[in-house]
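S.K.: Let's have the full structure, built from the sequences with the hints guiding it.
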Amino acid sequence: NAGVTQTPKFQVLKTGQSMTLQCAQDMNHNSMYWYRQDPGMGLRLIYYSASEGTTDKGEVPNGYNVSRLNKREFSLRLESAAPSQTSVYFCASTLTNQPQHFGDGTRLSIL
Amino acid sequence: DQQVKQNSPSLSVQEGRISILNCDYTNSMFDYFLWYKKYPAEGPTFLISISSIKDKNEDGRFTVFLNKSAKHLSLHIVPSQPGDSAVYFCAASARDYKLSFGAGTTVTVRA
Chain B
30 NAGVTQTPKF QVLKTGQSMT LQCAQDMNHN SMYWYRQDPG MGLRLIYYSA
80 SEGTTDKGEV PNGYNVSRLN KREFSLRLES AAPSQTSVYF CASTLTNQPQ
130 HFGDGTRLSI L
Chain Z
997 DQQVKQNSPS LSVQEGRISI LNCDYTNSMF DYFLWYKKYP AEGPTFLISI
1047 SSIKDKNEDG RFTVFLNKSA KHLSLHIVPS QPGDSAVYFC AASARDYKLS
1097 FGAGTTVTVR A
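Protein chains in written order, with the working numbering: chain B, 30 to 140; chain Z, 997 to 1107.
Just so you know, not all the hints are guaranteed correct.
Computed list of lysine-lysine pairs in BS3-like fashion (alpha-carbon distance at most 30 Å, straight line) [what the hints assert, rightly or not]: (1) Lys1064(Z) to Lys1001(Z); (2) Lys1001(Z) to Lys38(B); (3) Lys1067(Z) to Lys38(B); (4) Lys1094(Z) to Lys86(B); (5) Lys1064(Z) to Lys38(B); (6) Lys1067(Z) to Lys86(B).
FYI, nobody ran anything at the bench for these hints, they're computed from the structure.
M.R.: Dropping the structure here:
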């Protein structure tokens, strides 16, 4: 019973490189989310997908794109990475009216 | 502007005593509140929640209190145990189910 799985766990990029963070859930949840966590700021919502086929911007969407590939998978893409995007990225999923379940994060450093 | 605030970055408590974590919010549309616990290198895990129609919810050693007029909630852990040492995040959502997080409080339980 894996829950929410994020890949990769760690990544180092150079400024300007592109990267896709993968997220998959096996709980048959309809909604999925991407957050970033920076020191002293808690988690901030980047994008979310309320259901398969829909995506919406969250609080800090600039510099990111997402794809809800199917009900299980929700990917986050950095087209041209910037040092300000150095962060820990968390994916989460949920059913309506239920608490969100989180993956263990992707630690991304951009040099 | 941060809508959920945890003004105490850290809390140290002796094993067996009570831990009290506080959280304030500014958005009057929030009607669902959660506490998450996070260990290093892991994702946040759901701890306890409360809806705005209640003022208290208990689950074992954990109790959450909500004061809507003051826009304040607190988490009580009694008795505190060494395994409770972690970062605790307060989160809130309105009917759109998008979570806004506080910056977190690091709890250290001393033997």
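S.K.: Does each hint hold? Answer for all of them.
M.R.: Status of each hint after checking the structure:
1. Lys1064(Z) to Lys1001(Z): OK: Lys1064(Z) and Lys1001(Z) at ~15 Å, within 30 Å.
2. Lys1001(Z) to Lys38(B): 29 Å, holds
3. Lys1067(Z) to Lys38(B): Not satisfied, since the Cα-Cα distance of roughly 37 Å exceeds 30 Å.
4. Lys1094(Z) to Lys86(B): Holds - the C-alpha atoms of Lys86(B) and Lys1094(Z) are around 11 Å apart, at most 30 Å.
5. Lys1064(Z) to Lys38(B): 39 Å, violated
6. Lys1067(Z) to Lys86(B): 26 Å, holds
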